[in-house]
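Participant: First residue of the sequence shown? That's 64 in the numbering used here, and the numbers climb one at a time after it.
None of these hints come from the bench; they were simulated from the model.
Source: prediction; values computed, not measured.
Watch out, some of these pointers could steer you wrong.
Unchecked claim - Only pairs whose alpha carbons sit at most 27 Å apart, straight line, appear in this in silico DSSO-like list of lysine-lysine:
1. K125 to K113
2. K125 to K81
3. K81 to K113
4. K81 to K117
5. K97 to K81
6. K97 to K125
7. K97 to K117
8. K113 to K97
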Amino acid sequence: TLRYSGGLVPDVYQQFTKTQGVFSNPTSPSSPAKLRLAFEAAPFALLVEKAGGKSSDGITGKSILDVQINAVDQRTPLC
Numbered sequence: 064t065l066r067y068s069g070g071l072v073p074d075v076y077q078q079f080t081k082t083q084g085v086f087s088n089p090t091s092p093s094s095p096a097k098l099r100l101a102f103e104a105a106p107f108a109l110l111v112e113k114a115g116g117k118s119s120d121g122i123t124g125k126s127i128l129d130v131q132i133n134a135v136d137q138r139t140p141l142c
């Protein structure tokens with residue numbers, strides 16, 4: 064079933080329990096990135112990649128784990 068709660072934790076949990084799915088938090092000029100790289104995006108990207116999935120910053124296509132953290136409150140898109 065398709066499920067979207069708008070929250071990172073419940074949506075990723077659903078993907079792990081159903082063993083399928085996609086989480087995306089895109090950005091646009093009118094809607095900037097909301098997820099903090101150091102505290103939200105990178106930890107979940109690590110869990111997803113260790114479970115056999117993939118993560119992306121949505122801009123360059125590189126893994127979230129390859130993005131350098133330059134500030135504590137740095138925000139990033141996540142796909």
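Participant: With reference to the structure, classify each hint as holding or not holding.
Facilitator: Going down the list of hints, with the structure as the test:
Distance check on the hinted pair: K125 and K113 sit about 16 Å apart at the alpha-carbon level, within 27 Å; holds. Using a Cα cut-off of 27 Å, the hinted pair K125 and K81 holds, with the two alpha carbons roughly 25 Å apart. Of the pairs offered as hints, the one joining K81 and K113 holds, with about 16 Å between alpha carbons and a cut-off of 27 Å not exceeded. Between K81 and K117 the CA atoms are separated by roughly 16 Å; this keeps the pair inside 27 Å, and the hint holds.
Using a Cα cut-off of 27 Å, the hinted pair K97 and K81 holds, with the two alpha carbons roughly 26 Å apart. Using a Cα cut-off of 27 Å, the hinted pair K97 and K125 holds, with the two alpha carbons roughly 19 Å apart. Using a Cα cut-off of 27 Å, the hinted pair K97 and K117 holds, with the two alpha carbons roughly 20 Å apart. Under the criterion of a C-alpha separation no larger than 27 Å, the hint pairing K113 with K97 is consistent with the structure, at around 24 Å.
The structure is consistent with each of the numbered hints, conforming to all of them.
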